[in-house]
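Trainee: Each chain is listed here by its residues.
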Amino acid sequence: MSEQYKSSTELERAPVIEPGHTFGTVTEKISAIVLTRPASNGWFIGFGICFMLTMMLLFAIGYLFLKGIGIWGVTIPIGWGFAIVNFVWWIGIGHAGTLISAILLLLRQSWRNSINRFAEAMTLFAVASAGIFPAIHVGRPWLAYWLFPYPSTMGVWPQFRSPLMWDVFAVSTYATISALFWFMGLIPDFATLRDRSDKPALRIIYGMLSFGWRGSARHWHRYETAYLLLAGLATPLVLSVHTVVSFDFAVGIVPGWHTTIFPPYFVAGAIYSGFAMVLMLAIPIRKIYGLEDFITERHLQNSAKVMLATGLIVAYGYFIEGFMGWYSGDRYDAFTLWNRLHGPYAVPYWMLLICNIFIPQVLWIRRLRTSPIALFFISGVILVGMWLERFIIVVVSLHRDFLTSSWGMYYPTRWDWMTYIGTIGMFLAAMFLFLRILPAISIFEMRTLLPEAEVKE
Amino acid sequence: MSQIFHRSTNTLSRATIFGAVFVLAALTWVAMEIQRSPYVTYAGVRKTQPVPFSHQHHVTGLGIDCRYCHTSVETSSFAGIPPTKTCMNCHSQIWTNANLLEPVRASYRSGESLQWTRVNQLPDFVYFNHSIHINKGVGCNTCHGPVDLMPLMYQQESLQMEWCLGCHRAPQNHLRPRDQVFNMRYQPPSGSTPVVVDGQSYTDQVNLGTALIQKYKVRSVKDITTCSTCHR
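Chains as they are written, first to last, in my numbering: chain A, 0 to 456; chain B, -8 to 223.
One or more of the hints may lead you astray.
Stated by the list, open to error - Taking beta-carbon pairs under 7 Å as the criterion, some of the chain A residues facing chain B (in silico):
hint, residue
1, 152
2, 153
3, 200
4, 202
5, 206
These are calculated hints, taken from the structure and not from any lab test.
Beta carbons are placed, not taken as given, at the ideal position from N, Cα and C, and that holds for glycine.
Please work from the sequences and hints to get the whole structure.
Mentor: Next comes the structure, spelled out in structure tokens:
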């Protein structure tokens, strides 16, 4: 690790950790956020707002359970509205966390060490937000457990040939592995917090969470093995989860859905939006908690480069969709393309192209790649763009049915918006709590980046 | 720094992790069992009726055929609950002063129907037709159990979907000749008591059932297990 640290400085890139830190200062700086620093007014205001939005989400869901799906804007022919749009959006956002924690670990990209912890937390909260939608969008949500195969008194199993079924497995596996991976990574840090905390209650809580971690050589040996194994398990999930989500569409015969480009293009889009969310969270966090030494320019640049690359894959996906609309000679596919560009939803489609393809091209400029403010706004634009992409895929493909007599329009209601904004509030409220309760940056992995950690032979 | 936890915590934590697996498995098993128990299904539960009508007495004791009261069972989805007049065919002659039968006489005088408590009740989202089952050779007691031995009516089976599918997926295990449908003491074929259909003697239920599926043109398992067969 330290070799990379050296080689990176030799290349005159920004370092992954600013010079001058020792084991002690790293530990102190990160654990202080949790243990000693009092919660600021800003934290209380931010958390308060997000908490109220979470309550609004509960209210919207409660009213939905009372009245039924009719309070939403979905209708025939648009049977999939905000619920699916938001589900895909949130699941996509989660992907960056897994990519950072698993794939970059296996590829020995040591810069991941300072952002993997909160990226994984973000993954978990995003998956939780995503998971709400499929559960509540079924007509009778109290029967949502029918999605799982269990020996029911009905004597039938769920339809295993349906991509919606695969989705249940993909997402629940993803949630389980992400939670395990996150918790595994936290164990040595829980032990650090246990040892540094002076309140007996905190020491008991962190002590229980750390599973008796003492940091012996044998502990570390087994830990590293288990962590690598989990990373190996999580790696295929980065590709498989959004592939399966894309099958929800691609297996259907609706023009605009029925295309083989969907799996790679969905995965790229997921990582694209995920890194945008990582940056949107990392930039304010490093500023407010003074973590610029740990989340350096290097991290911002690398994330920007990932966004640029995945953004170009997404752009290629749009291009191929357009090209196939013309090249296939299929009148329905051709109409889908024409309808996107000129139909009643042309404005969101053009906005999508601007947000996802044109504006992010400024990331070719080094000065913008390293400017936190510029990156924050570009990431916001990308998140909007990726949400619009899912809106276009779900709504625009459905609203022009094969029969003109079944054409319709989709108008989201206030309950749609309340549910959507409510999940954003819930996600951020969970992030606020996470920052105060757990170390937002992996302490032990940061320590491995220090020159002190270099093994002398 | 003193130890936070006593050393017994090690054992305790291992036991909790190990135990959690068994506790969860046991809870799942209990939930499954409760879902299939009479507590949920009411199978075997005698319900109170306005008049304690005994099928045992009327069928086994007096030899009355099912269809004497349940008149529409061969031609309609609903087997039919007899009107008070059917009771009074006999009870205007016998037991005319029995206290037990006063609700029947009152109903006859006023024209108000007796309010029986429904015993075999399927959910409203299930389309069920008695006549098709009767005409394809499903015996009364295949589903209703030994009604001829029931002093008070109860539901024999769970009436859960897995129970319906048990027959719909393998009808050959349950069919009998049509003339035996109302025979409450019918015995399925065995080596010592063969069942004869069209001059052919069967000693095995599966052979008999398979032949009857042909003879009565019972539709394929695929057809009769389609969702819309029962959920229309």
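Trainee: Next, verify each hint and record whether it holds.
Mentor: Structure-based check of each hint:
1. Because the smallest distance between the Cβ of residue 152 of chain A and any Cβ of chain B comes to about 4 Å, under 7 Å, the interface hint for this residue holds.
2. Taking 7 Å as the C-beta contact cut-off toward chain B, the hint placing residue 153 of chain A at the interface holds, the least distance being around 4 Å.
3. Interface hint at residue 200 of chain A: violated, since its Cβ lies 11 Å from the closest Cβ of chain B, which is beyond the 7 Å cut-off.
4. This hint holds: residue 202 of chain A has a C-beta 5 Å from the nearest C-beta of chain B, less than the 7 Å allowed.
5. With 7 Å as the threshold, the beta carbon of residue 206 of chain A comes within range of chain B, its nearest partner Cβ sitting at about 5 Å, so the hint holds.
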